[in-house]
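Below are the chains, spelled out letter by letter.
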Amino acid sequence: MSKNKSEYLISRKDNQYEVVIGLEVHAQVTSKSKLFSSSATKFGAEPNTQVSLVDAAFPGMLPVINEFCVKQAIKTGIGLKAKINKRSVFDRKNYFYADLPQGYQISQFKNPIVGEGKVILDMPEGQKEVGIERLHLEQDAGKSIHDLDPENTFVDLNRSGVALMEIVSKPDLRSPEEVSAYIKKLRSIMRYLGTCDGNMQEGSLRADVNVSVRSKGSKDLGTRCEIKNVNSIKFMQMAIDYEANRQVDLIEEGKPIDQETRLFDTKKNETRSMRSKEDAHDYRYFPDPDLLPLEVNDEFIEKLKTDIPELPDDKKKRFIDKFKLSSYEATILVSDIETAKYFEEVIVKMGKNKDIKLAVNWITGELFAILNSKNLEISQSPISAKNLAILINLIKNGTISGKIAKTVFELMMDGDKDPQKIVEEKGLKQQSDPKALETLIDKIINDNREKAIEYKQGKEKLFGFFVGQAMKASGGKANPQLINEILKKKL
Amino acid sequence: MSDITKQSLSSLVKNIKDRKLSSVEITKAFIDRSEKSNELNAYITEDYSSALDKAKKFDQKPNLDLKLPGIPMAVKDLFCTKNIRTTAGSKILGNFIPTYESTVTQNIWNEGAILLGKLNCDEFAMGSSNETSYFGNVQNPINKNLVPGGSSGGSASAVAGQLTPITIGTDTGGSIRQPASFTGTVGLKPTYGSCSRYGIVAFASSLDQAGPMAQNVEDCALLQEVISTYDPKDSTSIDFKRNEYSKELTNNIKGKKIGIPKEYRVDGMPQEIDELWQKGIQYAKDCGAEIVNISLPHTSYALPTYYIVAPAEASSNLARYDGVKYGFRARGDDLIEMYEKTRSEGFGAEVQRRIMIGTYVLSSGYYDAYYLKAQKVRKLIKNDFDEAYKKVDAILTPSTPSSAFKIGEKKDDPVSMYLNDIFTVPVNLAGLPGISIPAGHDDKGYPLGLQIIGKAFDEQNILNIAYSMEEKIAFKNNISDWWIK
Amino acid sequence: MSIDLKTIKHISKLSRISVDEPKAKKLAGDLNSIFKFIEKLNELQTDNIEPLTSIAETTLKLRSDEIKSKNIREQVIKNSPQDNEDYFVVPKVIE
Ligand SMILES: [Mg+2]
Ligand SMILES: [Zn+2]
Chain A
3 MSKNKSEYLI
13 SRKDNQYEVV
23 IGLEVHAQVT
33 SKSKLFSSSA
43 TKFGAEPNTQ
53 VSLVDAAFPG
63 MLPVINEFCV
73 KQAIKTGIGL
83 KAKINKRSVF
93 DRKNYFYADL
103 PQGYQISQFK
113 NPIVGEGKVI
123 LDMPEGQKEV
133 GIERLHLEQD
143 AGKSIHDLDP
153 ENTFVDLNRS
163 GVALMEIVSK
173 PDLRSPEEVS
183 AYIKKLRSIM
193 RYLGTCDGNM
203 QEGSLRADVN
213 VSVRSKGSKD
223 LGTRCEIKNV
233 NSIKFMQMAI
243 DYEANRQVDL
253 IEEGKPIDQE
263 TRLFDTKKNE
273 TRSMRSKEDA
283 HDYRYFPDPD
293 LLPLEVNDEF
303 IEKLKTDIPE
313 LPDDKKKRFI
323 DKFKLSSYEA
333 TILVSDIETA
343 KYFEEVIVKM
353 GKNKDIKLAV
363 NWITGELFAI
373 LNSKNLEISQ
383 SPISAKNLAI
393 LINLIKNGTI
403 SGKIAKTVFE
413 LMMDGDKDPQ
423 KIVEEKGLKQ
433 QSDPKALETL
443 IDKIINDNRE
453 KAIEYKQGKE
463 KLFGFFVGQA
473 MKASGGKANP
483 QLINEILKKK
493 L
Chain B
2 MSDITKQSLS
12 SLVKNIKDRK
22 LSSVEITKAF
32 IDRSEKSNEL
42 NAYITEDYSS
52 ALDKAKKFDQ
62 KPNLDLKLPG
72 IPMAVKDLFC
82 TKNIRTTAGS
92 KILGNFIPTY
102 ESTVTQNIWN
112 EGAILLGKLN
122 CDEFAMGSSN
132 ETSYFGNVQN
142 PINKNLVPGG
152 SSGGSASAVA
162 GQLTPITIGT
172 DTGGSIRQPA
182 SFTGTVGLKP
192 TYGSCSRYGI
202 VAFASSLDQA
212 GPMAQNVEDC
222 ALLQEVISTY
232 DPKDSTSIDF
242 KRNEYSKELT
252 NNIKGKKIGI
262 PKEYRVDGMP
272 QEIDELWQKG
282 IQYAKDCGAE
292 IVNISLPHTS
302 YALPTYYIVA
312 PAEASSNLAR
322 YDGVKYGFRA
332 RGDDLIEMYE
342 KTRSEGFGAE
352 VQRRIMIGTY
362 VLSSGYYDAY
372 YLKAQKVRKL
382 IKNDFDEAYK
392 KVDAILTPST
402 PSSAFKIGEK
412 KDDPVSMYLN
422 DIFTVPVNLA
432 GLPGISIPAG
442 HDDKGYPLGL
452 QIIGKAFDEQ
462 NILNIAYSME
472 EKIAFKNNIS
482 DWWIK
Chain C
18 MSIDLKTIKH
28 ISKLSRISVD
38 EPKAKKLAGD
48 LNSIFKFIEK
58 LNELQTDNIE
68 PLTSIAETTL
78 KLRSDEIKSK
88 NIREQVIKNS
98 PQDNEDYFVV
108 PKVIE
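Residue numbers (the working numbering), protein chains in the order written: chain A, 3 to 493; chain B, 2 to 486; chain C, 18 to 112.
Errors might be hidden in some of the hints.
[To be verified] No more than 27 Å apart at the CA atoms, straight line, and that leaves these computed lysine-lysine pairs for DSS-like:
| # | chain 1 | residue 1 | chain 2 | residue 2 |
| --- | --- | --- | --- | --- |
| 1 | C | K42 | B | K412 |
| 2 | A | K491 | A | K431 |
| 3 | B | K92 | C | K30 |
| 4 | A | K405 | A | K463 |
| 5 | A | K187 | A | K317 |
| 6 | B | K342 | A | K112 |
| 7 | B | K342 | C | K26 |
| 8 | B | K380 | C | K57 |
Read the hints as simulated data drawn from the structure, not as lab findings.
This structure is a prediction, so every number in the text was calculated from the model and none was measured.
Let the hints inform the model, and build the full structure from the sequences given.
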């Protein structure tokens, strides 16, 4: 990668360090029921109401795998352009914790369902490829609640057994910005595929962040620390920044970096060691004897491939080729599948003589602004793609001006009103009758004789004054282009 | 009708179907005898009064098309039974009442049988003498102070002592066949995947199998027919075509090739065991079978392999007993202290020993040397059988290297205790079916068993061989009812 | 090889079973005799042998994504040694 302005380096005296980051993303699989049991996965249920005997690890209860979760993992693998492993094995990761009822987590250790793949990031200075090491399926744990009681910890097992995809990247990321772009891209791909809703507030997407630092230009990897379970992009960036600086300071002081697991304290904005838990960590992975190897054949995989929608990278390419969008515009429009869908619907509804540029501007401008201010997803947009297309066509064919369009747009929000109707009802149609406009302009010139003379004598600035007066007199509805023409002729 | 409890299952079923006996009569008879048999300590939990209620209900509207119409039956306390305490012989589950039923027991109730109670067993099925049960050791009806074998010791004792007409046990390394051999009864360990493990307290998942224990081969076949079903709730349950084992039972085994593995003639094997084996070979010949000498070269590695694989799986399977969701909890000031005390006080010594072994062989730095090595040797052991079965239809061996021993005799020497399973363990490692039938007595008059090992899913064949040999052997169990005062 | 008291302490910690000094000594003795017996496996050369992970020679059956287990909170919590109707309760976790 070429040297660029956004390169993230940490400087101390004469030394420059670069940071090496790898991510283990835990993405909750979108499915109705859990990975190995038939209880529900819905977010926000009353505590322990979505817990089966299997999830609570009752004696003699056994896991039976959910086919849909397997398909979701493979689809995600396809979306990551990764190798799908036709044979994978579930292992037990053994450790004791209050919210881990079995005393082990069923995961995939040696033989994951998905192997190496890649993700392309669109950075301001160009594209960057990030390697994917693997994707495996595993169970989520329950939730321990420490602050409901001074002496006890409360345990809610609703999440226990929910399917997760753990997506492990190669240590290819070099800055908090790249991490942000990576998470967003991953989330975008999974939303396109419908395999993970990517909702970070609800914990559907979390990451363990592996951070190490090294002298700029060095090829060796430094000792890494793993920051566990960070659940927002902002916190990931803050944690990386803190941790990288902490490690650089240790190196500068000649102190060793311990390979350890750390926790990001969001209140103090610092990472801190979890050493108390670390001593006893020896997960004793071994193949789960309650399960058999998971085998899928080519036919199974090929069938899933036919289900894969056009993904962001391909869509972006198509938008650029077909609609002549800039790379920047295309990136914005494809990042969220719903936005891309909305955009394409507007294009279709605009019909033959369409102004794509105008559509892009209205979507990324006015529409995004109101969605932002109202905190709405595009799928909840108060203005339908169809009506926005009509509005844009009204501008394009000269029925209304861009300025009036903004007024119409405001009015459309109330119940997704048809802009055509608004224009008619409120009489907002642009005045494009040259005769009427000439009469109107004659009157203005007459009323402002002195200014007209000044203009003729060379005070060209006054042209704007006459335009303004004409617009005002027409209630803003006059066709500005016509006004210009007539004024030039008459003055 | 007198001596109801002396009758075989098959004759009880016939008597019910012929309306010569009612379910209440039969149930009462077994309850009466069970109540007089407390000294055997075969039961952990009795459920007599609801058994009688169920029997009355059955008699009011008897469905005689069922395979076990109104037949009372006690089962090993490793099977979860809905609303009936299920302990696995452990303090840690001493107060556990499942809200669900194991598939195997459900199959039994679906065929009309009635639960009498839950039978004693080694704690979490870990043992070969039923001395590790939190609820005390079980006496062998053959002789006072003799172990009944284990881990299905309560089951073997209850069948031999006629406290139940038939029962089910579980077999991880010999836990059905060895106690059957020690008590002069018949015990079948089915092919791995034949009987569902759903609702059975797990010991070692890749080895555990439920199976019938009975007075004779025919009864055994009938119960196997009932309990062996494909179960989607168990991912290791196998969907294969199951026979109607009792209907298809035949004593015609002419031309069947029976293998005799030379490696089972182990060092220090008592002469009486070897003699029994030779007699068995003669019986098989008399039945028309052809005897073929075979080799299972990795036999002597089976027990060391088993004592890695089984504890490894157990150490993980038993992690769920942590005092959080159910069962015993000791006081602790914090979570970790609670865990450590709960598990230290809740598990007995043998269970703790095996959890430690299992934890060790899986731990970082030892996995390859022990666990992985054991999995590879397990493959070699399975290959041995695959090779042998190219030449033979079944294999005949002794069931155990000795007759039943005295209570306390091997309690403090784990390795000598483990050696009990030397002939049964390879069968579990290879996932094959094996049946033990009583075949003679030692010089003390204690019963000795022979084991017939089959190909995977070939239960019918070993049942047939056992059935035909049983006829020739004409074994009589010497039960003196010494414990009934 | 021999299993010392330190190893016993370590595995007792991993397995969450408290072990005092006499118990540790007894366990060390037992485990050493058991492992001596297990060492027999070292006689075998197994470099090129595929480990047997599952005895059932078949592959995983897949179940359909349906919610069959409904809310059984009462049933699930019923057996727990300490609960407050909604949650399982354990002594404070010390981080
Ligand atoms: Mg991690
Ligand atoms: Zn994970």
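Evaluated hints:
1. K42(C) to K412(B): holds, 18 Å
2. K491(A) to K431(A): holds, 24 Å
3. K92(B) to K30(C): holds, 21 Å
4. K405(A) to K463(A): Holds, because 22 Å separates the two Cα atoms, which is no more than 27 Å.
5. K187(A) to K317(A): At roughly 13 Å apart (the allowed maximum being 27 Å), K317(A) and K187(A) satisfy the hint.
6. K342(B) to K112(A): Violated: K342(B) and K112(A) sit about 34 Å apart, past 27 Å.
7. K342(B) to K26(C): At roughly 14 Å apart (the allowed maximum being 27 Å), K26(C) and K342(B) satisfy the hint.
8. K380(B) to K57(C): OK: K380(B) and K57(C) at ~16 Å, within 27 Å.
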